[in-house]
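Numbering (the working numbering), first residue to last: 3 to 161.
Hints in this document: simulated from the structure, not taken from any laboratory. Don't take each hint at face value.
[To be verified] Only pairs whose alpha carbons sit at most 30 Å apart, straight line, appear in this in silico DSS-like list of lysine-lysine:
#, residue 1, residue 2
1, K47, K145
2, K145, K135
3, K135, K47
4, K135, K89
5, K145, K89
6, K47, K89
[Stated by the list, open to error] Label pairs and their calculated CB-CB ranges:
#, residue 1, residue 2, range
7, L123, R67, 17 to 23 Å
8, R13, G113, 31 to 37 Å
9, R116, A153, 28 to 34 Å
10, A74, E129, 18 to 24 Å
Just so it is clear, the structure is predicted and the values come from calculations on it, not from any experiment. All C-beta atoms in this analysis are idealised placements derived from N, C-alpha and C, irrespective of residue type, glycine included.
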Amino acid sequence: MATPDFIRTIRASAGHQLLWLPGVSAVVFDDQGRVLLGQRSDNHKWALISGIPDPGEQPADCVVREVYEETAVRCVPERIVLVRSTKPVTYGNGDICQFMDITFRCRAVGGEARVNDDESLQVGWFEVDALPKMDERHHVRIKQALSDEPAWFEVASTE
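Full structure from sequences and hints, please.
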């Protein structure tokens, strides 16, 4: 997986300890209402396209960049559908990260879906009722993107 240079710099002094990082996810729909997914090369699981903004990069710009870099699909962000802290993830090399994910509903506007970098094994469009096996968090994001509800976020109890 491509680790951004700024994270490599942080890891040089922080070691494997938990890093709290921003993240973006894209629920990209085409004109037929299909959703764009990639099979990740690190864990071989199907997932929404996601990534880490570079320092100073706007989240919407990042989601457009990540979708193109990983799939060769051009997209336009339409709205934020979910903001949520993820559970910590431990990678194969021992690095631990936790992400503040901002999920965008996006519309495809060009390009042909294909593997466009080394982060994916496969890329494709899927009917919403015929998705490949993937983690539940992706189903939640897709469901929220399909709804007319405002952006979902969790509020901690004040009790």
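Results of checking the hints against the structure:
1. K47 to K145: holds, 19 Å
2. K145 to K135: Roughly 15 Å between the alpha carbons, so the hint for K145 and K135 holds.
3. K135 to K47: Given pair K135, K47 holds - Cα atoms ~8 Å apart, limit 30 Å.
4. K135 to K89: holds, 20 Å
5. K145 to K89: It holds: about 20 Å lies between the C-alpha atoms, which stays within 30 Å.
6. K47 to K89: Measuring from Cα to Cα gives roughly 17 Å; hence the hint holds.
7. L123 to R67: 17 to 23 Å: holds, 21 Å
8. R13 to G113: 31 to 37 Å: holds, 32 Å
9. R116 to A153: 28 to 34 Å: Between R116 and A153, where Cβ atoms are some 31 Å apart, the hint holds.
10. A74 to E129: 18 to 24 Å: Given about 21 Å between the Cβ atoms, the range holds.
In this structure, every one of the numbered hints holds.
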